[in-house]
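Asks: Using the hints, position chain U against chain C.
If you're matching them up, the sequences are chains C and U in order.
Its first residue numbered 1, the first sequence is counted upward by one per residue in the working numbering.
Its first residue numbered 1, the second sequence is counted upward by one per residue in the working numbering.
One or more hints might be untrue.
[Stated by the list, open to error] Cβ-to-Cβ under 10 Å is the rule here; a few derived chain C residues that face chain U:
hint, residue
1, P145
2, I153
3, I163
4, L230
[To be verified] Below, simulated SDA-like cross-link-like pairs (lysine to any residue); rule was C-alpha separation at most 25 Å, straight line:
hint, chain 1, residue 1, chain 2, residue 2
5, U, K88, C, F231
6, C, K64, C, P105
7, U, K64, C, E228
8, U, K64, C, F231
9, U, K88, U, F63
10, U, K88, C, L230
11, C, K88, U, P145
12, U, K65, C, F231
13, U, K88, C, R148
14, C, K65, U, F231
15, C, K65, U, T180
16, C, K88, C, E71
17, U, K65, C, L166
18, C, K88, U, G143
19, C, K88, U, D229
20, U, K65, C, K88
21, U, K64, U, S16
22, U, K64, C, I11
[What the hints assert, rightly or not] Covered stretches of chain U, as calculated for chain C (at least 3 residues, CB under 8 Å):
hint, segment
23, 122-131
24, 144-157
25, 182-189
26, 215-226
Hint data in this document are derived by calculation from the structure and do not stem from the laboratory.
Positions of the beta carbon are idealized from the N, C-alpha and C atoms, including for glycine.
Number of protein chains: 2
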Amino acid sequence: MTLEIIPVSGIGAVASGEDVALILADALEALGPSRGDVLVVTHKIVSKAEGRVVMVEGDEEMFKKALVESEALSIVRRRGDLIIAETKHGFICANAGIDRSNAEPGTLILLPEDPDSSAHRIRTRLERRFGVDIPVIISDTFGRPWRRGLTDIAIGLSGLDAIIDLRGTRDWTGRDLEVTEIAVADELASAADLVMGKASGIPAALVRGYEGPRGAGRGSDLVRPANEDLFR
Amino acid sequence: MTLEIIPVSGIGAVASGEDVALILADALEALGPSRGDVLVVTHKIVSKAEGRVVMVEGDEEMFKKALVESEALSIVRRRGDLIIAETKHGFICANAGIDRSNAEPGTLILLPEDPDSSAHRIRTRLERRFGVDIPVIISDTFGRPWRRGLTDIAIGLSGLDAIIDLRGTRDWTGRDLEVTEIAVADELASAADLVMGKASGIPAALVRGYEGPRGAGRGSDLVRPANEDLFR
Chain C
1 MTLEIIPVSG IGAVASGEDV ALILADALEA LGPSRGDVLV VTHKIVSKAE
51 GRVVMVEGDE EMFKKALVES EALSIVRRRG DLIIAETKHG FICANAGIDR
101 SNAEPGTLIL LPEDPDSSAH RIRTRLERRF GVDIPVIISD TFGRPWRRGL
151 TDIAIGLSGL DAIIDLRGTR DWTGRDLEVT EIAVADELAS AADLVMGKAS
201 GIPAALVRGY EGPRGAGRGS DLVRPANEDL FR
Chain U
1 MTLEIIPVSG IGAVASGEDV ALILADALEA LGPSRGDVLV VTHKIVSKAE
51 GRVVMVEGDE EMFKKALVES EALSIVRRRG DLIIAETKHG FICANAGIDR
101 SNAEPGTLIL LPEDPDSSAH RIRTRLERRF GVDIPVIISD TFGRPWRRGL
151 TDIAIGLSGL DAIIDLRGTR DWTGRDLEVT EIAVADELAS AADLVMGKAS
201 GIPAALVRGY EGPRGAGRGS DLVRPANEDL FR
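Chain C on its own, in the form it takes in the complex (with noise of 0.2 Å):
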């Protein structure tokens, strides 16, 4: 299969309150949505639309330092500014998710309280509009470690598996796969991002010609649980 990543443009800025997925319907339609499309969408903008976006009062870095505390579940590592927390979802990363670009000034965007719900109502929405079942993927920036650079990953998911588990395939000299399960929704999460860029407003792409899986996949399948973690 080839797939073509192509970038939703006409989007904008997105207010508190705004409805998020009729935005995206309409952005969508000059694409014409069709069967084997999935829509990543990167959390900004389904942040600020369902309100997750805090007012900072005095000074902005200790504002925000007592945000990520109160936001985190725990703190997982912590050099000088840094801070690497796991969220209330269970994903592990610098500032419990919370961040400020792309945030109006004097503003912070939080994650989502619930990234699967948020993809499920977009989805939903596309379906009642273009009559297609569009898998749809929340996406984030993340940092990982051991290796330079930031890459997005799926926080939340509807309508396609997050992993797909190889395990009982051969491999073409007939022997079975040692290597099983792929993170497809973190692989597709990674691939918009390529069209999408932090800094040209475009927070969405439609990869087309998708052929995985239709599961039911959610974000906190891509958490690995900590009693199998050697990294915490």
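Replies: This is chain U only, laid out in the frame that chain C set:
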């Protein structure tokens, strides 16, 4: 920009000593490589061509374990049969990158000695054949802390930047971006994996329409120095 991710078919099995650059060039003929293309190649066929294959002697599990210890620069974590090791290239991954999927029975495949050089040789050959500069990424499938599932990442590259530094650019509110370094080579590798699959015998993909910077990136650009890493 819209990206296309195109599987490169017709490659088949690659044996030790074969000219992998020639094999890839032949397979790309049908796609008419052009400016804006990036070729992503899984390291397996490169390692095989370069003779980075070891015959198993005696018990496979014990042999593999000894080989991992000899290939590793250091052991980062160990639990049961799982060894997370730092390779001589600086990569941190399971089993120092040694694995047996898609290996001939009775053999194990190592990482290429110098994946950047491997990428460079392929790129040089493609330029000679097609008269156009096609950046090349050598990919592998790595696990990661905190998140379940594996994703493909870049272990070697030639002809493009591994990381795009957005520092100094502004977001759409006009504010300086907080998120600055995007690991585009890893995102390209992940995007390519979506059309390759471990089981399908497609070991390369062409990313068409990539407009990112064509610097002199190296695989080591993506390795976080130990003194900056909170998770070793």
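Asks: Decide if the proposed pair is consistent with the structure: K88 (chain C) and D229 (chain U), CA atoms, cutoff 25 Å inclusive.
Replies: holds (24 Å)
Asks: Given the hint that K65 (chain U) pairs with L166 (chain C), does the C-alpha gap stay at or below 25 Å?
Replies: holds (24 Å)
Asks: Mind checking the CB of P145 (chain C) against every CB in chain U and telling me if the closest is under 10 Å?
Replies: Holds - the Cβ of P145 (chain C) comes within 10 Å of chain U, reaching about 3 Å at its closest.
Asks: Double-check I153 (chain C) for me: the hint is only fine if its C-beta lies closer than 10 Å to a C-beta in chain U.
Replies: The hint holds - I153 (chain C) has a Cβ within 10 Å of chain U, the shortest such distance being about 7 Å.
Asks: For a C-alpha distance cap of 25 Å, please report whether K65 (chain U) and F231 (chain C) respect it.
Replies: Distance of about 21 Å is within 25 Å: holds.
Asks: Checking hints one by one. Is I163 (chain C) an interface residue toward chain U, by the C-beta closer than 10 Å rule?
Replies: Status holds, d = 4 Å.
Asks: Please verify the coverage claim for the segment 182-189 of chain U: does it have three or more residues whose C-beta sits within 8 Å of some C-beta in chain C?
Replies: holds (count 6)
Asks: Taking only the CA atoms, is the gap from K64 (chain U) to I11 (chain C) under or equal to 25 Å?
Replies: Cα-Cα ~52 Å, so violated.
Asks: With a cut-off of 25 Å on the C-alpha distance, tell me whether K88 (chain U) and L230 (chain C) pass.
Replies: Distance ~22 Å between K88 (chain U) and L230 (chain C) Cα, so the pair holds.
Asks: Can you tell me if the segment 144-157 of chain U counts as covered by chain C, using C-beta to C-beta distances under 8 Å and a minimum of three residues?
Replies: Since three or more residues must qualify, the claim that chain C covers the segment 144-157 of chain U holds, with 10 doing so at under 8 Å.
Asks: Does E71 (chain C) lie within 25 Å of K88 (chain C) when you go C-alpha to C-alpha?
Replies: holds (7 Å)
Asks: Could you grab the alpha-carbon distance between K88 (chain C) and G143 (chain U) and see if it respects the 25 Å cut-off?
Replies: OK: K88 (chain C) and G143 (chain U) at ~23 Å, within 25 Å.
Consistency with the previously given hints fails for numbers 20, 22 and 23, ordered from lowest to highest.
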